[in-house]
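Novice: As you go down the protein sequences, you meet chains A and B in turn. Residues 1 to 437 in our numbering are what the first sequence spells out, letter by letter. Residues 1 to 175 in our numbering are what the second sequence spells out, letter by letter.
These are computed hints drawn from the structure, not numbers from a lab. All figures in this text were calculated on a predicted structure; none of them were measured in a lab. Careful, some of the hints might be misleading.
What the hints assert, rightly or not - A few chain B residues that face chain A, going by a derived Cβ cut-off under 8 Å, partial list only:
1) Val41
2) Pro43
3) Lys49
4) Tyr50
5) Gln52
6) Gly53
7) Glu148
8) Gly150
9) Leu156
10) Trp158
11) Gly160
12) Val161
13) Arg164
14) Ser167
15) Arg170
16) Met173
What the hints assert, rightly or not - Covered stretches of chain A (in silico footprint by chain B; criterion: 3 or more residues with CB under 8 Å from a CB of chain B, positions within the stretch not fixed):
17) 67–76
18) 82–91
19) 257–267
Built from N, CA and C at the ideal position, the CB exists for glycine as well.
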Amino acid sequence: MSDDTDKSENEAPLEFGFETRAVHAGARPDPVTGARSTPIYQTTAYVFDDVDHAADLFNLQTFGFIYSRLTNPTVSVLEERIASLEDGRAAVCAASGHAAQFLAFFTLLEPGDHFLASKNLYGGSVTQFGISFKRLGWNCDFVDATNPESIRAALTEKTKAIFIEVLANPGGVVLDLEAIADIAREAGIPLIVDNTLATPYLCRPLDWGADIVIHSTTKFLGGHGNSMGGVVVESGKFDWTQGGRFPTMTEPDPAYHGLTFYETFGDFGFTMRARAVALRDFGPSMSPQNAFYTITGIESLHLRMERHVANAEAVAAYLDAHPKVAWVSYAGLASSPYRELAAKYLPKGAGSVFTFGVEGGYDAGVKLVQGVELFSHLANIGDTRSLILHPASTTHRQLTEEQRAAAGAGDDVIRLSIGIETANDLIRDLERALENL
Amino acid sequence: MIDTAASPLPAHPLVYADAELRGILKHARTIAMIGASANWVRPSNFAMKYLQGKGYRVIPVNPGQAGKEILGETVYASLADIPDRVDMVDIFRASAAAGAIMDEAIAQKDAKGISVVWMQLGVRDDDAAERGRAAGLLVIMDRCPKIEYGRLFGELSWCGVNSRIISAKRPRMRP
Chain A
1 MSDDTDKSEN EAPLEFGFET RAVHAGARPD PVTGARSTPI YQTTAYVFDD VDHAADLFNL
61 QTFGFIYSRL TNPTVSVLEE RIASLEDGRA AVCAASGHAA QFLAFFTLLE PGDHFLASKN
121 LYGGSVTQFG ISFKRLGWNC DFVDATNPES IRAALTEKTK AIFIEVLANP GGVVLDLEAI
181 ADIAREAGIP LIVDNTLATP YLCRPLDWGA DIVIHSTTKF LGGHGNSMGG VVVESGKFDW
241 TQGGRFPTMT EPDPAYHGLT FYETFGDFGF TMRARAVALR DFGPSMSPQN AFYTITGIES
301 LHLRMERHVA NAEAVAAYLD AHPKVAWVSY AGLASSPYRE LAAKYLPKGA GSVFTFGVEG
361 GYDAGVKLVQ GVELFSHLAN IGDTRSLILH PASTTHRQLT EEQRAAAGAG DDVIRLSIGI
421 ETANDLIRDL ERALENL
Chain B
1 MIDTAASPLP AHPLVYADAE LRGILKHART IAMIGASANW VRPSNFAMKY LQGKGYRVIP
61 VNPGQAGKEI LGETVYASLA DIPDRVDMVD IFRASAAAGA IMDEAIAQKD AKGISVVWMQ
121 LGVRDDDAAE RGRAAGLLVI MDRCPKIEYG RLFGELSWCG VNSRIISAKR PRMRP
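Just chain A, same shape as in the assembly (with noise of 0.2 Å):
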C-alpha cells in the first residue's frame, strides 16, 4: 500500500489550495488503523520503546511523544493544519488565544525587555501586556499603528518585537501590514499579527512580511463557541542571529544540555522552544478534545468565512441607513476610512466582527442588547451564532467614562459578531428592537 508509486521522479511538490488544505491537512488517515477522521487521543502519556529511547525523547534527538503536556497526536493534526493555512513552517497550539500570547512572548522575552503594541487591540491583550506582562519584566508600550511611522519613532534598543491585529477587534480598523512589516524587518525584530478576526481565510500575514501569527482558536476558527484554544505559528524566515538580540534562540539552553534551538531547528525552532521550554514549563496545552473540535470546525472555515462576510456586509448596511444608529464602524463599507486597506490586505471581506453607535448613549444600548431575541448577549467573537454586547454596561463596567471612550467602548457602543443565520432574520430582530428604543 504505497502511498507514493502515482508520483513521477522529478514532479516539483504539488501545491494544493486553501480548502483542500482546510479540510485535509496535518490529517491523514490513521497510520495503524485507518481512521480516517482524527482520532481523539484521550491519553496523557506514550510508552518507550527503551530507555534510549526515552532518553533521545526527552533530549529532543528524536521524534516522538512524551506527554500530553507537550504533544499530543490529536492537538498535532491541528497544529499542521493552522501551520499549512497560515502558510507557515510550524504551530504549536496552547489553551487559549492568551495562553498562546504568553508562549510567544516567553519565548522572544528576558526580563527588562520591550515590545511595541498597537493601541487597537482586544481589551484582554491589553490588559495581559500593559499589566501583567509587567510583573514580568516585559514591557510594553501601545503605539497608534494606523500610522505605522509612530512604531518607527517608539522603537528602543530593548524592543523586540511588534505585535498588531491586522483586523482589529472590535472590528472597524485595518493595519498597513506591510508597511508595519517593513519597519520590523529594518529593525531586525519580528512582527506579530493577532490574526483571529480575519482568520487566515480572509487574510495570512506571514505572506505580508509578518513572522509569527497568533490566534484564538476559540472564535472563527474553532467556529462554534464550544471549544477553548490558541495558536502560534512562525513563518520559518526570521533570521534569529541577527544582533544577537535573541539568546533564548541562539545560546546554549541549560535546561537540553546546551542545545542551541536555533541551530539545532533551524526554521522551526521557534516553535520547538515554545514547546520545549514554555509549554513544558508553564504547561497551558490544549486538550485533544478540544482540538478534535477545532479540527472539525476549520473543515468549514471558508465556506463559514464567506456566510459570515456577506452577513455581516448586508447587516452593516442596515444600520448604517438605520435613523437611530449614529455610526457603523466596520471596514467593509464604502464610507469606512480603511476601506482601501481592507480591498488590499482582505480582499474576501473585512470580517463580521464590527461596531455601531446608538442614538439614546448608555441607556439605549443597554436596552438594546436586552431588546434582541435572536442575537445572544454575551462576551465572545467568532461563533456560528450572532453575539451583542454592550461594552459599556459589561465588560469596560469597571472603568470610568473618559477610560471607556479611550478604550473604543463608549456609552454608545454596540459591538456584533455576525453569525450565519439567515441575514434578513438578524435584520429583523435588530429592527425591533431598535423600533423599541
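Knowing the structure of chain A, use the given hints to seat chain B on it.
Specialist: Frame of chain A, contents of chain B only:
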C-alpha cells in the same frame, strides 16, 4: 543547521520533489557523514543518532576524531579512508568546505559506489552541485536528511511542523 554567516545562501530557494527525496532515503543505506561531531549535543550528532535509529549505517568522517568512535562507528579522516561502500555522502560542514568534499566524492564515486551527495540545511554550493550532477551524482542542498525523513514519513508533523503533504492514503512511517 550550519553556521551560514560566512557564506550567505543565494536568495532563490531550492525545490526538490518529495518522490526524489523518498527515493534517496529508501535506497541509501550507508551514509558517510562529513563533519560528524563527537559532542552529543551538536546537530550532526543528533542527526547521526536519529538516522542510525531508522536503520541507516552512518560512518563518521572527521580528521580530528580519526581512529576514535562516534556512536559505535569508527571515525575516518577522509572519505577515501573508509574501507566500505558508501551510498550517500552527507556534508555537515560550512558551504565553503562543500566544493572540496564534492570533488573527493566524485573521485571516490566508482570505488565506493557513491550515488548521492547531500548538503545539510544551510549548506549550498551551486558550482559543486553542477560538478556532481555532471559526474552522475544525485545532489541535494540546504536540507537535513533527518528533518526530511521526519517530514516525509510523518514524525515531523508530531511537533507541529507543516509537512506540506496532503494525501488520503494511509501513511507509511518508513521508506
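Novice: Given a cut of 8 Å on the nearest C-beta pair, is the interface hint for Trp158(B) held or broken against chain A?
Specialist: With a minimum Cβ separation of about 5 Å from chain A (threshold 8 Å), the hint on Trp158(B) holds.
Novice: Can the hint on Lys49(B) be confirmed by a CB-to-CB distance to chain A that is less than 8 Å?
Specialist: 6 Å, holds
Novice: Quick check on Pro43(B) please, does its C-beta sit within 8 Å of some C-beta on chain A?
Specialist: Hint holds; Pro43(B) Cβ to chain A Cβ min 5 Å, cut 8 Å.
Novice: If you take the shortest Cβ to Cβ gap from Gly53(B) to chain A, is it below 8 Å?
Specialist: 6 Å, holds
Novice: Taking the least C-beta to C-beta distance, is Val161(B) closer than 8 Å to chain A?
Specialist: This interface hint holds because 4 Å falls under the 8 Å limit.
Novice: Holds or violated: Tyr50(B) as interface residue toward chain A, Cβ cutoff 8 Å?
Specialist: 5 Å, holds
Novice: If you count the residues of the region 67–76 of chain A with a beta-carbon closer than 8 Å to a beta-carbon of chain B, do you get 3 or more?
Specialist: holds (count 3)
Novice: Taking the closest Cβ pair, is Gly150(B) under 8 Å from chain A?
Specialist: 5 Å, holds
Novice: Would the hint on Val41(B) be counted as holding, given a Cβ-Cβ threshold of 8 Å to chain A?
Specialist: Holds, because the Cβ-Cβ distance from Val41(B) to chain A comes to roughly 5 Å (cut-off 8 Å).
Novice: The hint names Arg170(B) as touching chain A; please verify it with the least Cβ-Cβ distance against 8 Å.
Specialist: 5 Å, holds
Novice: Against chain A, is Gly160(B) within 8 Å by beta-carbon distance?
Specialist: 3 Å, holds
Novice: Minimum Cβ distance from Leu156(B) to chain A below 8 Å?
Specialist: 6 Å, holds
Violation of the numbered hints given earlier is confined to hints 5 and 7; the remaining hints are satisfied by the structure.
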